[in-house]
Structures are given as C-alpha cells and as structure tokens.
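K.L.:
First to last, the sequence lines map onto chains A and W. Per this note's numbering, the first sequence starts with residue 9, numbered consecutively. Per this note's numbering, the second sequence starts with residue 9, numbered consecutively.
Be aware that one or more of the hints could be misleading.
Remember, identical chains collapse to one label, so a pair may be satisfied in a single copy or spanning two.
Said to hold, decoys possible - Only pairs whose alpha carbons sit at most 20 Å apart, straight line, appear in this in silico EDC-like list of lysine to aspartate or glutamate:
#1 234 with 310
#2 340 with 281
#3 260 with 331
#4 46 with 274
#5 157 with 122
#6 159 with 121
#7 46 with 254
#8 157 with 303
#9 260 with 45
Hints were generated in silico from the structure; no laboratory data involved.
Number of protein chains: 2
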Amino acid sequence: MIKNQEFSLSCPFPIQNYPHVLLAHGGGGRFMHQLIEKMFLAGFENPVLLQRHDAAILNRPSARIAFTTDSYVISPLFFPGGNIGDLAVNGTVNDLAMAGARPLYLSSGFILEEGLAMDTLWRVIDSMRKACQKAGVFIVTGDTKVVGKGKGDGIFINTAGIGVIEHDLTIGPLAVRDGDAIIVNGDLGAHGMAIMAQRESLSFESAIESDTAPLADMVLDLIAHKINVHCLRDLTRGGLASALNEIVMVSKTKMQIVENAIPVREDVASACEMLGLDPLYVANEGRMVAFVPADEADQTVDVMRRHPQGQGACIIGHVSLSDQPLVVMKSKIGAHRIIDMISGEQLPRIC
Amino acid sequence: MIKNQEFSLSCPFPIQNYPHVLLAHGGGGRFMHQLIEKMFLAGFENPVLLQRHDAAILNRPSARIAFTTDSYVISPLFFPGGNIGDLAVNGTVNDLAMAGARPLYLSSGFILEEGLAMDTLWRVIDSMRKACQKAGVFIVTGDTKVVGKGKGDGIFINTAGIGVIEHDLTIGPLAVRDGDAIIVNGDLGAHGMAIMAQRESLSFESAIESDTAPLADMVLDLIAHKINVHCLRDLTRGGLASALNEIVMVSKTKMQIVENAIPVREDVASACEMLGLDPLYVANEGRMVAFVPADEADQTVDVMRRHPQGQGACIIGHVSLSDQPLVVMKSKIGAHRIIDMISGEQLPRIC
C-alpha cells in the first residue's frame, strides 16, 4: 500500500455494502468496530495508534510541552484548496506552532451525522492523512460518535495536539514590546473568501483557493535563526483585526498598521468588496502575525520568504506604548482609523 | 468567590441580557470574547488556562505520558446522577486511568447549537469544574464553536486528556495472561438505564442514577499496592460484553465469566427486562474491568472496595488459553452461552 502524501489511499472499508453512516456505527458493537478498523485505523495507521488502547502511550517528552484543541464545524465540508480534514490537522498544528512548539501528536474526535456518505468520510480521512504527513505529525488516539439525522451537520472534527518546546523563548502576548515590528507571512482573506464563494455559489474570474497550510516548519526556522520571537498568532476566525485586538488587550500596547502594507490579493479584495466584507476581519488558515524586535524584522521576513508558506511575508506595522490598548490603521489616503474587534460575526462556520 | 467542588459558582456572564447562544458567540469577535471570558475562563479558572495562548504550555512531564480523546453527544444533556459536563470530565479521566496514568490536564472543545440557553451552558460548565476538582485535573486549553439551529443538538463536548505514567507496568490487552482473574468494580448498567429512563420518561420505583465517576484514584491505588495489573478497560458504549470481546480479539484468549457473579442491581435488571435489554451490553460511566494474576485477585478486590467507586468490586471470571478468541458465560442454570459483540447498536447516544 503506497502511503505517500501525494497519493490517495484506496479505502478498505466496504463502502458498496454500507454506503452511509448508520447510528449503529457509533454504538460500540461490530459496526463501529469495522468502521474504526477499516476507516480510521487504515487511514491513520501508525505504531502508537495501533496499540488500540483507551489512551496512547507516548515516550517522556524531551522538553516542556504545548497542548491545544480545536473543533472544526466548517460548511461546506469541501472547498477550493482544502476540506474539513486538512483544516483540522493544519489548524491544530498551527496552534502548537504559535507557542513555538514542534507539533508531534494529534488526537481526532469525529462526530458523524447519520446518513453521511462513507465515501465523503474516507476523502476527509485521506486528506487528514496527507496533511499529517506534510506536517510531520501522527494521529495517535481517536474517538467516533454518531448522532441522528438532523442532530449534526455531516462531519464535525475535534483535534487536540501535543508539541514540544525545544527553546527557552517565552512566546506570547505578554512578551510584546514597544517598537516590535508586526509581520504577516502572506496575503489575507483567501480562506474566508474561498468558503464564501463556495457557499454562495459565486464564481469569480479566477477561483480563490483557501490558504490552509501548516506553519510549524517556518516558525521553527525563525527560532533556529535566533530571531527573538515575542509573539505569534494565527489569523483564523475574526482575521487580522481580531488577532491584533486580542493581543493589545493582553499586552496593553498600541499597534499601528499601514493599510498600504497589508497584502490582499486583488481577486480577494474584489470578492470582499462585492460581499461588503473587510479582509482584515476575514478568516485565514495558513496566515499568522509575528511580533519581533524591530532590528530583527528584515531577517524575519527573509527567513519566512524562504518557505512556501511565507513567500508573501512583509512588515505591516509596529507596536508602541499606550495608555489604552488600541489598534490603529493608517489608511490609503493617510487618515487614521481605529480597527476594533468585530461586534457580532462576519462569517459563520468558516473554520 | 468560593470555588469548592461542593458549591455551585454564580455565573459572571450577563445571562439576563443574552439568554441564548447566538451565532455571533462563535464568530471570533466581541460576543465570543465575552462568552469565553465570563463563561469558560470564569468556570475553569487556573493559571495555565489564564495564559490565554493558542496552546497551553506545560512543564516537562516526569515520565511517559498517556494521551486520549473522547467526544460526548449524550441526549438528554441532564440525567439522574449527572450531565454531559461531568461525563466529559470523568470519561476522559477514566480513559487515562485505564492506561495506568495519573490524569493531569484536559482540553475542552465545545460545539454549541444556536439558541442554547446560556443557563444550561453554565450548569454544564459548573459541573465540569466540580468534576475536575474531584478528579484532580485542570482544563488548560479550550475552543468554542457555534453551529446554526438544527445543525447540532444543544451541546457536544470533546475532551482530550494528558496523564503521566509513573510506573513500569505495561497495561493493555496484549498483557492479558492465561489464568488471569477478571474483576469488575461494581454493578453494571446503571448509567445506561438512567439515560433510558429519562429519555423514555419511564419512572421506576426508585430512580436509577448514573454511575458516572472518576476511576483514576482507585487504579493508582492498585498500582501503589504492587498489584501486577495486566489490563484495564472502562465499560462504556457496548458495556461489559463489548469490552471483553475487544480484549479477546487482541489478546487471543478465551474468557469465561459466571452470570451469577456479575453484579446487576435489581431495579436495573427489571428496567432492562422491561425494555428488552441485556445489562451486559448496557453502557456504564464509572465501571471498569481489571485483569490481574489469579493469586492477586483477592487483594485487588480488597483494595478496590476501600474506594467509593469500588465498593461493589468482585471477581466475575477468568482467562484461559484458546485457539479462537471467545467470551463464554456460564448462565444461572449452568448452561454455557457465547457472549458476542453486539451487532448493531443497543442504545444510541448514551455517552
């Protein structure tokens, strides 16, 4: 069996006999056993998972560990550039990366809706397998539940992740300092607009693909290059604007960003304009913001640009001291505008 | 603020202003921020969680670690003896305990349905807080998603857990040996029948309460008493019958159990009979099976009985060598019956 990340695996589950998920597939008996064996274990095969114990047993980690979780409830399940499966791997890998950790192990908890096509499930599992290989992580423990028709929405996935922190930096909002450069690794808003286009059946001249990608390699490379990384945050729900607002609230700083410096692809900008959305608030799944000392900003951008996930890296602003936490943007016409946290929600179920 | 496990906390979230979960509570903006701050952080408060980073940073563990995950989709959310919240804590604590690990940290991922009463959410959070205190674990990282009305079912919770393995035993199905005693820690089927009674609005003479409970203390005590524990399994979905069948398939052994020795409360037995269910297949949430060398069986029962969760501990059978994996029960009238894995599902969404 070729298990390369480039090739899809053929599914050992007898889809022709059981084309849809039944309640019995979550009932603890033969049906569930077969589903776990021929779907999940077949897709995610690795020595730890194959112990098939209630919990995975892992060697004593070599350092401090990072631990995170995220549930994925995206609609539609498949979208240009990805699907809920690779999203569930990359998202949790990225949460670990944002702590400066090397991602090692994932858990996966599936909540399946009765009637889900088994073929859909396999495509998701196969994507997760490829995403794990790409990110260098293993799914070592898992769980499956089935809910009745109309009590779920196809597939929900929770992944939790464990990584090791192999350096002494303290990366987080409290480490943000006066003068820090604010750097993003690429253009914003593609993931959110890929979902919206799919959901609203909009067709743009060029298809907008999600930016979903694992960011850990790039982050570890920054650390290997001795960049004094102060804070990292991936730009998911709520986009850049929400991430910066969350950080100023904890760090008690002011951030000034420059609209002209913020990369947004033209087709994404047009799509946003058409739908009345602001790309600063749109979700991404392969984009992050980094806070580093000003004199290390250029090197940070250089290191990022050497990675496929950082080719659009650029400096978008800087941090200054302030009496009140605030994000301010210098607009294209030179005016200053406060970038607030979004009040309600701009795009539901986008990640 | 009194944070004792015996007392309920009052909720700092302004429930009177926002009595129900809105889609905006999952959107990444102000609403979500308030929900996280005044519900989740208020309920689960601890120093690691309050770092509020994408991932929790934990000290280097002292030993091998165990890692597990489980999603909870139970209906109804509240039932005699518990609710989805304490179940989500105890269930994952128990999965760690079954690996012989000391549970330390949990993650919690919530999938909320739009329209859920905030008061319901708080009651669940408060139960989780109490259950964590009782089990000695901390929720150190979390995530919240909101799905539209009719796309979920009130509350789904995923918990993942990390524990440390402070001994050298290899506990698992492959360690089961010829002659091992099979021991349960108490009467079977109460959890499943408590759910069924609630769901079907059945009223029995005495209310049947769920057996939901954390089992880690009792397991660690067995290990502290130098019992050579071979295998442990908690008896959740599919009950005792499914657990034994799963283990014989991996261990390639035969198990003989004695119906007269298997403890089932009279009211649970009557309720099962009334509904045409077999208590061997009914879910439990505070029951486990242990495999230990025959000459350590009595001491195992003694140690278990000193714990509130093990007062009904007893030996129910033994393991023997076999050409084919099989679970056989000597019935009350002396006949031998094969106890098979259940084919479909006996009780949906029971845990």
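K.L.:
Give a verdict on every hint.
P.N.:
To see whether the hints hold, each was checked on the structure:
Only within a single protomer do residue 234 and residue 310 lie at most 20 Å apart by alpha-carbon distance; the minimum there is 13 Å, versus 57 Å between protomers. When the C-alpha separation of residue 340 and residue 281 is checked against a cutoff of 20 Å, the pair qualifies only within one copy, where the shortest distance is 16 Å, while the shortest distance between copies is 75 Å. Within a single copy, residue 260 and residue 331 get their C-alpha atoms as close as 8 Å, which meets the 20 Å cut-off; across copies the closest is 69 Å, which misses it. In the homo-oligomer, the alpha carbons of residue 46 and residue 274 never lie at most 20 Å apart, since the shortest distance is 44 Å inside one protomer and 39 Å across protomers.
For a Cα distance limit of 20 Å, the shortest separation of residue 157 from residue 122 qualifies both inside one copy, at 5 Å, and across copies, at 17 Å. For the identical chains of this complex, residue 159 and residue 121 are neighbours both inside a copy (7 Å) and across copies (10 Å), given an alpha-carbon limit of 20 Å. In this assembly of identical chains, residue 46 and residue 254 lie within 20 Å of each other by CA distance solely across copies; the values are 15 Å between and 43 Å within a copy. Taking the shortest alpha-carbon separations for residue 157 and residue 303, neither the intra-copy value of 57 Å nor the inter-copy value of 50 Å comes in at or below 20 Å.
Taking the shortest Cα distances, residue 260 and residue 45 sit within 20 Å of each other only across copies (17 Å), while inside one copy they are farther apart (51 Å).
Consistency with the previously given hints fails for numbers 4, 8, ordered from lowest to highest.
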